[in-house]
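Counting with the numbering used here, you get residues 18 to 687 for the letters of the sequence shown.
A portion of the hints provided could be inaccurate.
[Said to hold, decoys possible] When the alpha-carbon atoms are kept at most 25 Å apart in a straight line, the in silico SDA-like pairs for lysine to any residue are as follows:
1. Lys463 to Glu436
2. Lys539 to Met513
3. Lys503 to Arg467
4. Lys463 to Ala591
5. Lys539 to Lys463
6. Lys621 to Ala542
7. Lys503 to Ala542
By construction, these hints were calculated from the structure, which means they are not laboratory data.
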Amino acid sequence: MTETVLPRLAALLLLALCGTVLLKESRLGRVALASGLLLLALVELFDSQALRDAEHLLDYKRFVLVCKSLIPIAFLLYGMSFTKRAGGSRAAAAAPLLVIAAIMCGGALLLPIEQFYAGYDFSHGRLLVLGSIGYWFYLGLMIFCIAALVNVELVFGGVRGADRGRLRYEFLGVGAILAVMIFYFSQGLLYRAVNMDLLPARSVVLAVAALLIGYSRLYQGRTASLAVSRQALYRSVTLVAVGLYLLALGVFGVGMKRLDLSVTPDVSVLVAVLSGLLFLALLLSEEIRRRAKLLLARHFYAQKHDYREEWLGFSNALAGCRSLGDVRTAIVDRYRQTFGLRFAALYERTGGSDSFALAEAQGRTDLPARATFSDGLLGYFSETARVMNPADGEYTPTAAETVFMEGAEAWLLVPLMSEERLEAFVVFGAQVVPETLTYEDFDLMKIMGRQAVLSLKNFQLAEELTEAREMAAVAKVSSFVIHDLKNLAYTFSLMMENADEHIREPEFQDDLVTSIHGTVAKMNALIAKLKAFPEKRELAVEAADLAQIGRDSLAEVSSLKRGIAFESYCAAAASRMDVPEIRKVALNLLLNACDAVGGSGTIKMSTGRRGAEAFLRVEDNGCGMSPAFIQGHLFKPFRTTKEKGLGIGLYQCRQIVEAHEGRIEVDSRE
18 MTETVLPRLA
28 ALLLLALCGT
38 VLLKESRLGR
48 VALASGLLLL
58 ALVELFDSQA
68 LRDAEHLLDY
78 KRFVLVCKSL
88 IPIAFLLYGM
98 SFTKRAGGSR
108 AAAAAPLLVI
118 AAIMCGGALL
128 LPIEQFYAGY
138 DFSHGRLLVL
148 GSIGYWFYLG
158 LMIFCIAALV
168 NVELVFGGVR
178 GADRGRLRYE
188 FLGVGAILAV
198 MIFYFSQGLL
208 YRAVNMDLLP
218 ARSVVLAVAA
228 LLIGYSRLYQ
238 GRTASLAVSR
248 QALYRSVTLV
258 AVGLYLLALG
268 VFGVGMKRLD
278 LSVTPDVSVL
288 VAVLSGLLFL
298 ALLLSEEIRR
308 RAKLLLARHF
318 YAQKHDYREE
328 WLGFSNALAG
338 CRSLGDVRTA
348 IVDRYRQTFG
358 LRFAALYERT
368 GGSDSFALAE
378 AQGRTDLPAR
388 ATFSDGLLGY
398 FSETARVMNP
408 ADGEYTPTAA
418 ETVFMEGAEA
428 WLLVPLMSEE
438 RLEAFVVFGA
448 QVVPETLTYE
458 DFDLMKIMGR
468 QAVLSLKNFQ
478 LAEELTEARE
488 MAAVAKVSSF
498 VIHDLKNLAY
508 TFSLMMENAD
518 EHIREPEFQD
528 DLVTSIHGTV
538 AKMNALIAKL
548 KAFPEKRELA
558 VEAADLAQIG
568 RDSLAEVSSL
578 KRGIAFESYC
588 AAAASRMDVP
598 EIRKVALNLL
608 LNACDAVGGS
618 GTIKMSTGRR
628 GAEAFLRVED
638 NGCGMSPAFI
648 QGHLFKPFRT
658 TKEKGLGIGL
668 YQCRQIVEAH
678 EGRIEVDSRE
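When you get a sec, could you build the whole thing from the sequences and use the hints?
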């Protein structure tokens, strides 16, 4: 009872779903899906009738074979309906499948049925023994079903968001149909016989699948924006190629066995290894891979290039660059991969001239090192921003430009423009697989060019900024050195001024010699620092007393400034510090105070402790500073109120104090 009821129930559900698809679905994919459902319903009806009418079993099985030969092709076309929507290209992609389906269908109709089914075997159930042609026929059907299932899985894998929920049950249903067909065919191949007792189980699966697809179609609808990922499709082609290779090895082995040709194991291994190497050579061939990509793009997609994928790939390649050289390499490499070039090169403008130098080349090492363009060619690029083909005659190059293009074997010149100015250009060599370029190719070249020139400019500006910072660092150090030399020269000048009046005094002579020795020692220390530049100098921290540094600094300055009253209030203030650096701070503050009071006045030096902190203070009764100057200019380099000052002293003082994790404060008024 179940042998006839279940197949008819499944056929009824499949026919109802077929009608629903044709009525509700307006896309081209409806024909493929409806055809597959109709063929499945006919298979169920003919198989059911064959069980009831054993005398005409083989006649019914012929019709079953005809329907089965078309089912996998129908579901392959159904999966393809989610990809390219351009009718002509889709038809071109479907043509080989339809030819194969016609051949298989014709074979099922015309060849003797005995070559498909060799006889009956009812000792282990209702079995139809497969003939020689029947075996290969079932093998072909199973391969097509596997391909259709993989295609459906890839399409569903590319679905995102709410679309995945809407299509889930439909793809489950289609997957169940293909899975039960694969199981059914594999059982026949494994036992070389078709088990008619499996028909009820197959009918139940088909009925459930019909209900899942019907639920999805009636209550959840179908999305309109699905496409198979190009990368997934390329990987699928590779998997299919590997499968065909393994299948070819299997056919070779079976053929040798059928022909009763004995092959030793070492010969078998040798054939397998050599054929594997040949297969890998073909698989790794750049020309074959390029042809495969072009074939898939032409027949499965509405656009030749996936602009989103190309843009993301190029952006990621540029984002991973750490230097200007990396950017140049990424630009040339990406252009070469995208357009399948044998070689490519990048030329960049040198300075403000109209000359361009070779910056990066791939695929060739004998390209011209420089190129000089005329105003005509530069104007052509500025006005049109178009990719130039030297052979199309749109622009007539000068003699020098012709020599360059011929020497570089330039097929195309892709301009990299920045504000209508040609900053660089990419030379395209011949393609690995010659192809006719379309507007899509030229648009992509220009899009990549805009992105490339931005990256080049960013890295060039970054390098210029780095150089400027290095120069600023040198200028900063130079300013400090000049300031220190100025203080030392100032010390010498004071000595000379006082020498005119006091040179004959023994006490002054002793002070003069001591001061000269100290100044020379400071100059030697300054030279030692310059030798260590640009290495970062660490503080030589030691335990010391600020009071002693204050008294020594005050004594040194007071010996030179005879007209100023110096007062010392230095209490003990022990701390850890770099003594020469802190002495430099104290001297700077004292000399600034001397400048502030002029030829006469009072300067007080005091040290001590304030809680856990040690301090050094310099006070004067000089001219003072305005709040605006303190707020906006004090401690800034090259800001000063002195006629001959550099504006470096207090900036240097703050740097030294902050390096000691201290702070410098000011309290002044005009």
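Legend entry - Enumerated hints in conflict with the structure, sorted upward: 3, 4, 5 and 6
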